[in-house]
Amino acid sequence: MPLRTIIPSFLLGVLVAGTAAVAADYDRDDALATSQGAIGRAVTNRTLRDIDGQSFELDNLRGKPLVISMIYTSCHHVCPTITKNLGSAVEIASEALGEDAFSVVTIGFDWAVDTPDRMRLYASERRIDAPNWHFLAGDPDSITALSEDIGFLFYASAKGFDHLTQTTVLDADGVVYRQIYGVDIDPPSLVEPLKELVFDTPRQAGLLEHWLDTFRLFCTVYDPNSGRYTFDYSIAMTIFVGILCLAAIATFIIREWRHAR
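Note that the sequence shown covers residues 33 to 293 in the working numbering.
What the hints contain is simulated information worked out from the structure, not anything from laboratory work. From a predicted model like this one, the values you see are computed outputs, not experimental measurements. One or more hints might be untrue.
[As the list claims (entries may be wrong)] Ranges between beta-carbon positions, derived for each pair:
id	residue 1	residue 2	range
1	Asp-232	Leu-278	20 to 26 Å
2	Ala-162	Trp-289	52 to 58 Å
3	Gln-86	Pro-220	43 to 49 Å
4	Arg-73	Arg-287	26 to 32 Å
5	Pro-220	Gly-95	22 to 28 Å
[What the hints assert, rightly or not] The list that follows gives simulated cross-link-like pairs (lysine to any residue, SDA-like), each with its CA atoms no further than 25 Å apart:
id	residue 1	residue 2
6	Lys-191	Ser-221
7	Lys-191	Glu-123
8	Lys-116	Glu-131
9	Lys-96	Val-110
10	Lys-96	Arg-60
11	Lys-116	Ser-221
12	Lys-191	Glu-127
13	Lys-116	Leu-153
14	Lys-116	Glu-127
15	Lys-96	His-109
16	Lys-96	Lys-191
17	Lys-96	Asp-62
The C-beta atom is built at its ideal place from N, Cα and C for all residues, glycine as well.
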């Protein structure tokens, strides 16, 4: 995505998590450059803890796209709003792609406060219990390393933390594929990269499954009136008619070639 197309939405989407002045160490341009610079970077496996306090390996989620949202639980406005809006987008993505097509993790980066119990409460207060959505806590080393991998900068400030409102999409191999900015997460901004990752990658099951997935990729479109993704049968019919026309032309050419011999 060209940088010039990102900057306008970035200027609207970057919010300071706190009402105090921006910390001296926090620079918005640097935060954006760091975030964009992470695209294409492989995220190393990290050991975190789930809401039950059990070890949770990020590698457990390999094999399908992963959505990462970094928050801190003592944030009373921006982070809860991000999670709420992400929840709406995830619901739409699950309807369009299937709940088991991708995973989501919300990770508390304030390691001194964001314990497994706090992450459990955070999820409960937002009534999020989807099986493909995990709320995780971590120690300073794991949080710092993961933040660096995904290009997420945060700095302590007088009223909390200054940070980019960033949602990160990884591919099935754990490589940063897309960065989404802003509190208001428009469903297509999440679903479109997930569609590309879910449908537009050859599967080990064979070429036929890949063709079917590619067909679904082109025919699953966003309907702004309903706010949902639907299967557009008009696109499917257009593709089908196009295939028939190509088949007819190919048949005619072959017959003429044989007749000419």
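Structure-based check of each hint:
Distance hint check for Asp-232 and Leu-278: the Cβ-Cβ separation is about 22 Å, which falls inside the suggested range of 20 to 26 Å. Checking the proposed 52 to 58 Å range against Ala-162 and Trp-289 shows it holds: the Cβ atoms sit about 57 Å from each other. Taking 43 to 49 Å as the suggested C-beta distance range, the pair Gln-86 and Pro-220 does not conform, at roughly 35 Å. Distance hint check for Arg-73 and Arg-287: the Cβ-Cβ separation is about 54 Å, which falls outside the suggested range of 26 to 32 Å.
A hinted range of 22 to 28 Å holds for the C-beta pair Pro-220 and Gly-95, which are about 24 Å apart. Proximity of Lys-191 to Ser-221 is assessed by CA-CA distance (about 30 Å); at most 25 Å being required, the pair is judged violated. Simply put, Lys-191 and Glu-123 have alpha-carbon atoms about 32 Å apart, too far for the 25 Å limit, and the pair is violated. As the CA atoms of Lys-116 and Glu-131 are separated by approximately 18 Å, the hinted pair is consistent with the 25 Å bound.
With a CA separation close to 28 Å, the supplied pair Lys-96 and Val-110 exceeds the 25 Å bound. Distance hint between Lys-96 and Arg-60 is unfulfilled; the C-alpha atoms sit about 31 Å from each other, more than 25 Å. Distance check on the hinted pair: Lys-116 and Ser-221 sit about 15 Å apart at the alpha-carbon level, within 25 Å; holds. In summary, the hint linking Lys-191 to Glu-127 is not supported, as the alpha carbons are separated by about 38 Å, beyond the 25 Å threshold.
Between Lys-116 and Leu-153 the alpha-carbon distance is near 14 Å, which keeps this suggested pair within the 25 Å criterion. Between Lys-116 and Glu-127 the alpha-carbon distance is near 17 Å, which keeps this suggested pair within the 25 Å criterion. Between Lys-96 and His-109, the direct Cα distance comes to roughly 31 Å. Violation of the 25 Å bound is thereby established for this hinted pair. Taking the CA atoms of Lys-96 and Lys-191, the gap is about 37 Å. The hint is violated against a cut of 25 Å.
For the hint linking Lys-96 to Asp-62, the alpha-carbon distance of about 30 Å lies beyond 25 Å, and the restraint is violated.
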